[in-house]
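Taken in sequence, the protein lines are chains A and B. All residue numbers in the first sequence are consecutive under our numbering, ending with 593. All residue numbers in the second sequence are consecutive under our numbering, ending with 855.
Worth flagging that the hints you see were computed from the coordinates, not collected in a lab. Among the hints, erroneous ones may be present.
Said to hold, decoys possible - Calculated pairs, DSSO-like style, for lysine-lysine (alpha carbon to alpha carbon, straight line, at most 27 Å):
| id | chain 1 | residue 1 | chain 2 | residue 2 |
| --- | --- | --- | --- | --- |
| 1 | A | 368 | B | 670 |
| 2 | A | 175 | A | 142 |
| 3 | A | 526 | B | 670 |
| 4 | A | 363 | B | 855 |
If you want the building blocks of each chain, they are given just below.
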Amino acid sequence: MSTDTIKINVPVLARVEGEGALDLTIENKRITDLELRIYEPPRYFEKFLEGRNYYDVPDIVARICGICPVAYQMSATHAIESIFNVRITPWIRAMRRLFYCGEWLQSHSLHIHLLAAPDFLGFNNVIEMSSTYRNEVKRGLKLQALGNDLISLFGARSVHPVGVKIGGFTKAPDKKNINVLLERIIDAKQDAIDLIHWLDTLDLPVDNQDFTSVALHHDNEYPCNEGRLISSDGLDISIDEFEKYFKEHHADQSTALHCLLQGKPYLVGPLARVNLNSEQLPDQVKQIMQEIKTRFPSKNMFHSIIARAIEIYFVILEAERLLSNYEATSQPRMDVIHKAGTGYGCTEAPRGLLWHRYDIDEKGCITKAIIVPPTSQNQPRIEQDLKESLVNFGLDNTKEKLQLHAEKVIRNYDPCISCATHFLNLNLVRDNVLAHNDQKTLITGFANIDVTKTVIIGIGSPNKNDDNGWRIIDALNNRKIIHTLKKKGLCLYKLDRPGIKLNEIIKPFTSVIIIDAANSNNDEQKLVWIKSGDINTIPSSISSHDIKLPETLKLMHAIKTLPDKTIILGIHGYSESLEKEACNEVEKLLYGN
Amino acid sequence: MSTSSISKPSIAVHKFSSCDGCQLAILNLGEPLLILSQLVDIKHFAEAGPLDEDAKVDIAIIEGSISTTKDRFRLEKIRANSKYLITIGACATSGGIQALRNMANTDEWIADIYANPSVINSLDNSLPIKDYVKVDLELWGCPISKRQLLIAIRALLFGVLPVEEHDKVCMECKRQQTVCVMVTNNEPCMGPVTRTGCGALCPGVGRDCYGCYGPAENANTHAQANRLKGLGLVNDEIARRYLFFHSSTEPFHQEGQHWKSK
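Please work from the sequences and hints to get the whole structure.
Dropping the structure here:
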């Protein structure tokens, strides 16, 4: 292998919900570094929940993930009902299971046909695949639509359904609508069986690995809304004990939190569920599992696509049972009296365990929420899998082949990155790691400043053509060094055309950096630095603001209220690279202080 | 209509900060998705497979709000590469639920959630797409419906703008002859101030509308809020009814802040 530095920059990991990037370093034919990064911007759901009423929770948490809103609503509802000691009727319990069947059906069908199958049949996407496998794709879309319609039966729509309340459902479905769906479910049974047999013929890679499966377990049924937490290594705990055994930590490289079971990665999701709960599956499903060549429990993550199909058949049979026994009720919802306390909810989302904890005060408002989604649980396991599977695949393969294989491995986990975080940048570094070239410092004489008396001021206006100064402040706020200096007392301000007020604002400071847009006569993009001694040389065209910055500065200079350590950074034009350069230069000014 | 003489219009679907739920309006189309893929040339749609982030297209469809510095550069490029730009859903159109952070101190939030806050690249605000670039058409809703999207694309394929729905949800209830949940059941319904397009789903299942399609045209928020007061809601609860999925739209923001500060 060459000793050149090779960087692969593959912009997007398609067919994964969310955005991710993979950094891979190979030295001496060994993987020395592998990190899966998650890019989804932080969305702070656990914080939005604080201070909200308990009854808003099902509608808020649904928005965490458009693919599995039912899962979020169910975990939250169970957690909150446990605080209020709500005892649901068998009708509500059965209907929640039916509701959840719909989500598994649509999510699994979507993943198999639109996201995973093109991988194994050599197509870039489902649209290409549909020209050769038209009937299979149509069957998949039919199953997906059926799942969506099951959700809509209770929720009026399949994405962010509206029928869930703490205590039950807003309305019992009409028998007429139940019967229409029952007919379609019965008709789909053969589709599900055909789907399993079709997927069983796929030429899936053989890659057996040692991992721990974790899932809910219920003695009398295949797990969905309730049960104990069990693992393939003998764990058997109640959901309330989750925090004792499972610990979340913030991995440096992403906005997701990673979760470990007693310090070790583990698997959640369809394969883990089938591995641990096949006894609880109905006889018809067990029989199909005997007929196919794929065997469970399985240690091959590529079998997860078959596990999903098996679960599709299961939920169809389960929905048939529940729909056949349906009787309308006058009480689709229990009365709820709120009280203070802490409650836990854990259900099986299509992608795996979804654990919630809520603390509620006596007014019925959330004081604290913790949500552990399946993808943050699977992520350490995905990294562990990649380390093994890429070696098994052969590290000498071309970067394109490594990339494709890595994507297939990651897709096995159906990572919903919007709930933990669609972009996989594969940054592959082979052998020699590149050295950063140092740049010369442009400004001198700004040494020995007192950070606690330093301010960086971005000048702009809410008009998006006139906020370059603000943009630099935003960019600076996201830099590590600035973040550290802020803790030491550094101030960053965004000011809206301050005019003469600037004089008051910078009074407490002894060193000042002012950043503003500068007009230039041509399209050239550049940074211009002006020191306090040269204030009088500023051309009046430096700012396009109505209340002029140059005049203010000249005046302050004349009345000697402008600190000696004042620097003005004018920005001609704007681009990503110019923004980076400006941030680097500002950091250099402050560095060492 | 004969389309043989003209080339197929191209489409790109881009995601920013969101839950992916509005893209499902496309992925959940079922068979119409296959028909759509024959009518238009889908150049970029990461969740469904086609990848060409920098493709020049006729229509760019945007999901999600802008909440990092990098997003802004991406958006500016998309705008430059597209003739027509549509925002889909609450996040892209009004900042969405994550705009609730615009009223909070995000530094504290980050420090509470993440052990290494310094690596979290995040703006102070989660702002809608129109705050950064020109938007040609907005589809409201959390999430949008398949119907809304197909109507919009179909209209554009015929070279006309779709008719905007900004009636109140109340009007839709009347058309469907749904019994008013506020009048008969004292539900704190947001229907009188919320734009329709959803099909009045919530009153249809016997519950209060919670405003996920955003403010209707000329919404009398003040009268509605006073009615909520009459139903027994305390000021904070009234504020939270408005400061929810479209907290950064002007009518909802103002009404919410009014009751919050009372």
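Margin query: Run the distance test for residue 363/A versus residue 855/B: straight-line Cα separation, threshold 27 Å.
Written below: Roughly 19 Å between the alpha carbons, so the hint for residue 363/A and residue 855/B holds.
Next item on the list: Take a quick look at whether residue 526/A and residue 670/B sit within 27 Å of each other, Cα to Cα.
Entry: 20 Å, holds
Item checked: 27 Å limit on alpha-carbon distance, applied to hinted pair residue 175/A and residue 142/A -> Status holds; Cα separation ~23 Å.
Next item on the list: Quickly compare the C-alpha distance for residue 368/A and residue 670/B to 27 Å and report which way the hint goes.
Entry: 39 Å, violated
Checked against the numbered hints listed earlier, the structure breaks hint 1 alone; every other hint is satisfied.
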